[in-house]
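In my numbering, the protein residues as written are 336 to 1474.
In short, the hints are calculated from the structure, not lab data.
Take every hint as true, because none was put in to throw you off.
Label-pair restraints from in silico Cβ distances: (1) 682 x 611: 37 to 45 Å; (2) 537 x 437: 27 to 35 Å; (3) 914 x 1405: 48 to 56 Å; (4) 547 x 489: 19 to 27 Å; (5) 661 x 1028: 35 to 43 Å; (6) 725 x 608: 23 to 31 Å; (7) 654 x 489: 47 to 55 Å; (8) 1034 x 821: 42 to 50 Å.
BS3-like mimics (lysine-lysine), calculated; alpha carbons at most 27 Å apart, straight line: (9) 851 x 878; (10) 423 x 577; (11) 1234 x 1253; (12) 1000 x 1047; (13) 390 x 913; (14) 747 x 616; (15) 673 x 707; (16) 442 x 429; (17) 495 x 522; (18) 991 x 1110; (19) 729 x 623; (20) 1110 x 913; (21) 924 x 913; (22) 1453 x 1365; (23) 956 x 942; (24) 1051 x 1017; (25) 1303 x 1266; (26) 423 x 482; (27) 1436 x 390; (28) 800 x 738; (29) 681 x 716; (30) 716 x 623.
Ideal Cβ placement from N, Cα and C applies to all residues, glycine included.
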Amino acid sequence: MNYYNGFIITENAMASKHENLGALTFGLDIGIASVGWAVLGENRIIDLGVRCFDKAETAKEGESLNLARRTARLLRRRLRRRAWRLTKLARLLKREGLIADTNVFQKPFNLKDANEKGLSFWQLRVDALDRKLSAEEWARVIYHLCKHRGFHWISRAEEKAAEGDSKSEGGKVKQGLAGTKKLMQEKNYRTAAEMVLTEFPEAQRNKQGDYSKALSRILLGDEMTQLFKHQRELGNPHATEKLEAAILGNGDHKSGLFWAQNPALAGNDLLKMLGHCTFEKAEYRVPKASFTAERHVWLTRLNNLRIVVDGTTRPLNEAERHLALLMPYQQAGDLTYKQLRTALTKAGYLPESFRYTGLAYASGQKADEKAKDPESAPLVKLPAWHELRKTLEKKELASEWQKISSDALDGKPQLLDQIAWVLSVYKDDTEVEAELCKLNLPNAEKMIDALLDIRFDKFSNLSLKALRQIVPLMEQGQRYDEAVANIPEYGHHSQLHEVGAGEHKYLPPFYKERDKTGRMVFNDDMDIPRNPVVLRALNQARKVVNALIKEYGSPHEVHIEMARDLSRPLDERRDVEKLQKEFRDRNEKDKALFAQDFNIVGAVKGKEFEKYQLYREQQGKCAYSIEPMDIHRLFEQGYVEIDHALPYSRSFDDSKNNRVLVLAKENRDKGNRTPFEYLGGKDNSERWRQFVAFVEGNKSYRLAKRSRLLRKDFGKDEAKGFRERNLNDTRYICRFFKNYVEQYLQLHEDSDAKRCVVLSGQMTSFLRARWGLVKVRGDSDRHHALDGAIVAACSHSMVKRLSDYSRRKELEQVRAGFVDVDTGEIVNPAMFQQVQEHFPNPWPHFRDEVKLRLNVDDPALLHSEMNRFGTYSPEALKALRPLFISRAPQRRNSGAAHKDTIYAQPERLVAQGGVTQKVPLTSLTLKDLDKLIDPHRNEKLYSAIRIRLEQHGGKGDKAFPASNPLRKPDSEGNPTGPIVRGVTMVIDKLSGIPIRGGIAKNDSMVRVDVFTKAGKFHLVPVYVHHAVAKVLPNRAVVAYKDETEWTLIDDGFDFCFSMYPNDLLRIKLRNASHLGYYASCNRSTGAINLWSHDRNQQVGKDGMIESIGVKTALNVEKLNIDVLGNRYPAPPEKRRDLA
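I would like the entire structure built from these sequences, with the hints used as guidance.
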């Protein structure tokens, strides 16, 4: 039984959903975090809804959800290996008799007498050059060097890569290493310790972001060697050659505890992780740095390149391609669009006026604005080719490079491909050298030495074997998809199956099984996108389709629309949002100016405003006749009209780039012709020449608009291709899901449809506007269901009706005898009387029905309104339910157990639960000064800090710049002490987890367990650290009390259920009731926050219902919700252990 605010859907009503529904169409609007869906019958909406889920990326950075966990895991692994290496060292020193207990290094070294002489571990290392150390002193020196063993580049290439990037951490380390090495050489210090103590007497360790004291491992290894030598000479019995060999190894910088380090993933170990080819399943993927892979990239860019010449869009012809083919290999760097333009125009192949498609050419730039030339962008990059060329030429191997590169360009790239394989798969210099020796390199010794400065690290999706079949076909001018389709054993994604082959009633999962580690393994026969954001969205769409089939049976048709930004990374999506905001702001300013010019009070009408915009864009002239238009008559009936340059009936293009303002007479005379056809372009008439001059001289026209206005070839084939592009979305992700549905989904046995339709956003936007359905994104998430309904309604028959309607509107006022360009028939205006006069709708009341189904939440009112339409049977009305958005719950027990920062807790603060935190001076404000620790002991220092802050308006970053550091005042108040970079602040109370003598804040609250006793509800927060300890907490929140004072849960309490994020709850209070998804629990107050099901902004910020006190609630009920939004009472639960 399904409950809906008191409205009950019975089992009979549920069963009625399958009866007499007729031909069904599923519509899906797939976005980054939602799937809007609708099921349409022949004359009514069967159902609609939204499935929402969390994006598979971090909210702020847009990074992989696994990145933080992987980074933490790698850090733990590195620390564990370091601890194990030091443990082995301690055991070695114990065996050699230097120490009696391996735990000695965990205890402080008694340097009381030494401190009086200014001694430290650094000083001990210097002393070891001139005096014999005691056994423990010598052990401490060895341990100190092995623990702080400096930085080591694993290869020459890694070191060289850091040279050119001074801003990165690697670049800063490189600069620091060079600086300390220079000091050692210039001042002839004996060891690194001697240099550090002399040059940096105040602090010997690097500070955050400062690597000026960075030391190389080689330098410290040399110091260790010298110390062993000197101690043997001074008679230290523990400085044996055997011990030295065990610590420093045999001199290969790999063996010995000092040099011990796990090698980088390379060779056979790397091949275990390397994927296999998309087509040749037994072959490894080829390095992206190989000549063949880079050639494939270049040919893909070249063969996909489109140019616009005299309004016609076309690829490069054979002569133009031949000229361009060698250009990337002849440049000093990347090949730009501008460089290709120069070559093509200089050779006389193209006029200066041609443009590239896909580039954002500036339009309407102000005189004082300097627009960036879009053609300065690179057309193609061949980074490996140029790195090899530059490296070999720099090493005086130009002739050898000339031979290898010439062979590659002549069709013999084997040697270059082999070099790229070695430099990509092997990381260690020794391994690389050994593998390069196996190749037939010219001037081998010198060549190998030069190549050691280079490494590559990325791989293609294809193997060398596959590329060597594909690339020759692409050399002939075929696109990648065409080349693959012409190789019988490969085929392309669209040829991998016949429509209807291997059909299933339900869409199968993308995964076939789990491996031994529990990881999901993809199905081999699906070329599944690996982008986690895309994969989650498509998987949720799969669940929606399967749920709809289970609920309503197999569809006759499936229509899909996908968000344009679905596969874009977060930074690109933010750039798009920024541009959209700028456009909206500019539009609002134009509207204000428009209202001012025409004395308009109230809302500005869209059509009138568009006429005004086009008038300004066209410099006040008719787009076709170039005659001036009277701005005061713009809104006069029958004076000017908005026309589609490429007739809508032939192009389905309703974009702004296809809309112009023209005199009404010109629009009637033009009919359904293009400007070229209408203005006599074929005969190069005077009108056409004037039109061309105006279009090319109008800087406000974008390239896309200019190309439409000047387009010459627009016959049946061209128009068909244009319509297909404007109707269908052909992006890779769309093609994948389309093919996936076509290959596996079994449509209804009576269905005539053979293919899944992926609609373009432009078409659905056009239909939504013409049907009067306004989409307001910010109000709630209901608009996704609206898009699902629009997508479902855009059927093949609707497209035909839309085309007929548009053709009628274009030709209804033409004179008798006009020849219809589309059909070749002589037009008789009377012939249009039988064609629909109004814009076609799926059915007469479609608009009203959609709006009611979207917005009416009262079941009785919804039944009444739907009954008025006369298309709902009694059974359909019984099954009717208001829209309720489904959200995927988050039932996980994993995550970070605590925050990274560990706060110190001195004994005197334990009783009150206080902690201390070291904070940098740059983050201090005047308010923070009262929280600093021990003010009576640091009076002069805190006074100096206060003075600095007051002088700079209380801003720490301005008061304590790196160029003017603060020094600790002496007893007289003079700043002669060490530099102070941070101070300790007291935090009065902090709850958290005891970690290593301090306190860390709780991180993730995985769930809240709900108990009841004596008519009251009690909440027990469960954190990840409880899951780690595998101990269930047993204290319930008491408002404003410390955790030790919370209510202890005993056998007298009854467990109700556990609340996870996005679990659906119904809470009944004395004066109100709430229904929503669980968002969070405030451990301070014991109140919870709910999301309204549709995130309605009128409910609260971002749709959140905040601070709901549940302790004295009349009832707290948990509900289950399925993918389609059907709700059911949750079954009784037992409290789950934290396994």
